[in-house]
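*Asks:* Here is how the chains run, residue by residue.
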Amino acid sequence: MVNKISKFTAYTLFFLLALMYFTPKLSLYYFVEHQIKKYGVIIDDEVVVDNGLSLSIYDAKVNVKSIESVKIKDTQIQLFGFFNSVSLRGLELSSVAASLVPTKVESVDISYNIFQPLNLNAQAVGEFGEADASFDFLDFAIHLELHPSQKMLRDYRQTLSNLKKSKEGVYTYDKTIKH
Amino acid sequence: MIKLSNTKLLSITTRLLVLVLIAKSISLALMWFMPSDGVSLSVKKSFQPKYQRVDFRNMLNANTSTTKVAQNLFSGGGISITNMLLKGLYGTKESGFVIVALKSTPTKTTILSVGEVFSGYKLVSIEQSSATFSKDGAKFILLLDSSKPKDTHVNSSNTAAPELYDEPIVQQVVTRKDIEYYAKNPKQIWKEISIYEIKTKDKKGIKGFKVTRIDPKSRFATMGLQKGDLIIKANNVKLKSYRDALDLYTKIDKIDVIQIVVIRNGVEKEIVYEIN
Chain A
34 MVNKISKFTA
44 YTLFFLLALM
54 YFTPKLSLYY
64 FVEHQIKKYG
74 VIIDDEVVVD
84 NGLSLSIYDA
94 KVNVKSIESV
104 KIKDTQIQLF
114 GFFNSVSLRG
124 LELSSVAASL
134 VPTKVESVDI
144 SYNIFQPLNL
154 NAQAVGEFGE
164 ADASFDFLDF
174 AIHLELHPSQ
184 KMLRDYRQTL
194 SNLKKSKEGV
204 YTYDKTIKH
Chain B
148 MIKLSNTKLL
158 SITTRLLVLV
168 LIAKSISLAL
178 MWFMPSDGVS
188 LSVKKSFQPK
198 YQRVDFRNML
208 NANTSTTKVA
218 QNLFSGGGIS
228 ITNMLLKGLY
238 GTKESGFVIV
248 ALKSTPTKTT
258 ILSVGEVFSG
268 YKLVSIEQSS
278 ATFSKDGAKF
288 ILLLDSSKPK
298 DTHVNSSNTA
308 APELYDEPIV
318 QQVVTRKDIE
328 YYAKNPKQIW
338 KEISIYEIKT
348 KDKKGIKGFK
358 VTRIDPKSRF
368 ATMGLQKGDL
378 IIKANNVKLK
388 SYRDALDLYT
398 KIDKIDVIQI
408 VVIRNGVEKE
418 IVYEIN
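Protein chains in written order, with this note's numbering: chain A, 34 to 212; chain B, 148 to 423.
No lab work stands behind these hints, which were simulated from the structure alone. For every residue, glycine included, the Cβ atom is placed at its ideal position computed from N, Cα and C. Among these hints, one or two may not hold up.
Said to hold, decoys possible - As a list, the in silico DSS-like pairs of lysine-lysine whose alpha-carbon atoms are at most 25 Å apart:
| hint | chain 1 | residue 1 | chain 2 | residue 2 |
| --- | --- | --- | --- | --- |
| 1 | A | LYS71 | B | LYS351 |
| 2 | A | LYS94 | B | LYS398 |
| 3 | B | LYS354 | A | LYS98 |
| 4 | A | LYS70 | B | LYS348 |
| 5 | B | LYS401 | B | LYS385 |
| 6 | B | LYS380 | B | LYS398 |
| 7 | B | LYS385 | B | LYS346 |
| 8 | B | LYS346 | B | LYS387 |
| 9 | A | LYS98 | B | LYS348 |
| 10 | A | LYS71 | B | LYS387 |
| 11 | A | LYS137 | B | LYS331 |
| 12 | B | LYS364 | B | LYS374 |
| 13 | A | LYS40 | B | LYS171 |
| 14 | A | LYS104 | B | LYS387 |
| 15 | B | LYS398 | A | LYS137 |
What the hints assert, rightly or not - Computed footprint of chain B on chain A, listed as stretches where at least three residues anywhere in the stretch have a Cβ under 8 Å from a Cβ of chain B:
| hint | stretch |
| --- | --- |
| 16 | 39-53 |
| 17 | 72-85 |
Unchecked claim - With the C-beta cut set under 10 Å, the calculated list includes, among others, these residues of chain B facing chain A:
| hint | residue |
| --- | --- |
| 18 | ARG162 |
| 19 | GLY267 |
| 20 | GLN275 |
| 21 | LYS331 |
| 22 | ARG390 |
| 23 | LEU395 |
| 24 | TYR396 |
| 25 | ASN423 |
Make a model of the complete structure from these sequences and hints.
*Replies:* In structure tokens:
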């Protein structure tokens with residue numbers, strides 16, 4: 034019996050890997066691009082490379098309603114079903130946002146795994162400090178915890194005033210999206 | 148041969164190959180339904196010629212004004228250039244216009260183009276912040292009236308604006324400080340004014356940006372904008388997207404004149420802001 038289960042698991046894993054390898058990731062990426070275009074988001078000037086088991090996107094410019102909002106140097110997308118991650122490196126926000134937050138963001142890591150099926154987690158590090166965010170699919174609730182940098186505390190008090198400050202000096206933001 | 152077909156290895160290999168074949172078939176089926184091309188940003192380049200406003204009234208009234216000026220020259224020859232105020236200017240060295248007034252009647256302004264005469268003084272050229280006049284072979288430089296610029300701005304807006312609203316072209320003076328203030332405090336803009344995009348009939352494009360709320364005590368209200376105004380153009384660029392509006396915002400440091408066209412009560416009006 035154990036032998037049969039282990040055989041089944043091995044074949045399933047092999048099938049998933051084969052499926053992952055043969056999946057037209059580039060076409061899927063184009064499909065996503067067409068979907069987000071409906072919301073005014075267009076990714077432009079990017080170089081997309083299919084690495085077999087992952088997708089790399091280099092030098093992407095994200096435009097929101099035709100306004101260049103963020104440049105992303107490197108994006109790695111891994112979708113295995115049971116573990117999925119999107120890693121963004123070298124982000125630079127548009128100068129329009131400079132009055133709200135520091136524009137340089139080192140990294141953003143978004144992950145989803147089957148052990149936490151109702152949550153999407155994200156971590157970001159940049160000139161603004163460090164942030165941890167999560168999205169609850171059940172309540173459609175966003176929770177953000179920000180550990181601001183000295184620069185953020187010094188130059189962006191106006192933005193921080195929109196967040197709730199805890200005794201430990203962590204700034205939090207909670208919002209539930211109506212659906 | 149029979150032995151080989153019975154080996155465990157062949158059985159596993161066959162199963163794996165079948166799995167690979169199924170995976171490949173699924174991916175091919177998926178590919179059939181997926182788009183083969185991505186989306187790229189296509190921006191229609193807006194034609195943006197350098198903004199220049201020509202006041203045809205000056206040209207049409209050129210003869211009249213010359214006659215008047217001639218009379219002024221005769222009757223008011225005793226007026227010294229020190230009694231004159233340069234209230235505003237626009238143009239290059241050899242073309243353009245200036246707004247002048249006498250210190251005794253500072254609210255009574257006259258618009259002069261290059262070559263025209265005021266109180267016996269002929270406008271020769273326009274510089275960045277001064278105008279050169281000539282009289283009897285001597286040259287006189289009149290500096291832009293910069294005393295208490297902030298007060299001038301508020302007063303001119305508060306007093307002159309209601310009269311100017313009925314004019315097709317409204318001219319306002321904005322200080323560089325005002326621009327810097329709003330650039331540093333973008334939140335303040337949205338406290339004082341609300342602007343909402345108005346879509347075209349087919350809902351695919353933007354017709355313009357409508358002023359839905361304006362604080363009557365705000366600087367925006369004193370700058371000639373009114374609730375209900377639909378802003379359709381800025382510096383000769385039709386505002387068909389947020390990008391068009393933002394392009395102007397990002398270049399604001401380098402701009403000396405902002406011209407916006409609004410539709411108010413179904414009539415197009417032009418508001419010109421000269422940034423000092």
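*Asks:* Decide, hint by hint, whether the structure agrees.
*Replies:* Verification of the supplied hints:
1. Taking the CA atoms of LYS71 of chain A and LYS351 of chain B, the gap is near 11 Å; set against the 25 Å cutoff, the hint holds.
2. For the hint pairing LYS94 of chain A with LYS398 of chain B, the CA-to-CA distance comes to about 20 Å; that is within 25 Å, so the pair holds.
3. Annotation: proposed proximity of LYS354 of chain B to LYS98 of chain A holds, straight-line Cα distance about 15 Å (limit 25 Å).
4. Restraint check for LYS70 of chain A and LYS348 of chain B: the C-alpha separation of about 20 Å stays at or below 25 Å, so the hint holds.
5. A hinted pair counts as satisfied when its Cα atoms are at most 25 Å apart, and LYS401 of chain B with LYS385 of chain B qualifies at roughly 20 Å.
6. Taken as a hint, the LYS380 of chain B and LYS398 of chain B pair is honoured in the structure, with Cα atoms around 16 Å apart against an allowance of 25 Å.
7. Note on LYS385 of chain B and LYS346 of chain B: the hinted pairing holds, with a Cα-Cα distance of about 13 Å set against a maximum of 25 Å.
8. Between LYS346 of chain B and LYS387 of chain B, the direct Cα distance comes to roughly 9 Å. Compliance with the 25 Å bound is thereby established for this hinted pair.
9. Among the hinted pairs, LYS98 of chain A with LYS348 of chain B is consistent with the structure: their alpha-carbon atoms are about 19 Å apart, no more than 25 Å.
10. For the hint linking LYS71 of chain A to LYS387 of chain B, the alpha-carbon distance of about 17 Å falls within 25 Å, and the restraint holds.
11. Of the supplied pair hints, the one linking LYS137 of chain A and LYS331 of chain B holds, its CA atoms being roughly 19 Å apart against a limit of 25 Å.
12. Between LYS364 of chain B and LYS374 of chain B the CA atoms are separated by roughly 13 Å; this keeps the pair inside 25 Å, and the hint holds.
13. Between LYS40 of chain A and LYS171 of chain B the CA atoms are separated by roughly 21 Å; this keeps the pair inside 25 Å, and the hint holds.
14. Among the hinted pairs, LYS104 of chain A with LYS387 of chain B is consistent with the structure: their alpha-carbon atoms are about 24 Å apart, no more than 25 Å.
15. Proximity of LYS398 of chain B to LYS137 of chain A is assessed by CA-CA distance (about 22 Å); at most 25 Å being required, the pair is judged to hold.
16. Coverage of a stretch by a chain is defined here by at least three residues with a beta carbon nearer than 8 Å to that chain's beta carbons; for the stretch 39-53 of chain A and chain B the count is 5, and the condition holds.
17. Evaluation of the coverage hint for the stretch 72-85 of chain A: fulfilled, as 5 residues show C-beta separations to chain B shorter than 8 Å, against a requirement of three.
18. Because the smallest distance between the Cβ of ARG162 of chain B and any Cβ of chain A comes to about 7 Å, under 10 Å, the interface hint for this residue holds.
19. The interface hint given for GLY267 of chain B is violated, since its Cβ lies 51 Å from the closest Cβ of chain A, which is over the 10 Å cut-off.
20. Hint status for GLN275 of chain B relative to chain A: violated, with the closest Cβ pair at about 27 Å, above 10 Å.
21. Because the beta carbon of LYS331 of chain B sits about 7 Å from the nearest beta carbon in chain A, less than 10 Å, this interface hint is met.
22. For ARG390 of chain B, the shortest C-beta to C-beta distance to chain A is roughly 4 Å, which falls under 10 Å, so the interface hint holds.
23. Interface restraint check: LEU395 of chain B against chain A, minimum CB-CB distance 12 Å, threshold 10 Å, status violated.
24. For TYR396 of chain B, the suggested interface contact is upheld, since its CB lies about 7 Å from the closest CB of chain A, less than 10 Å.
25. Given the 10 Å rule on beta carbons, the hint for ASN423 of chain B is violated: about 23 Å separates it from the nearest Cβ of chain A.
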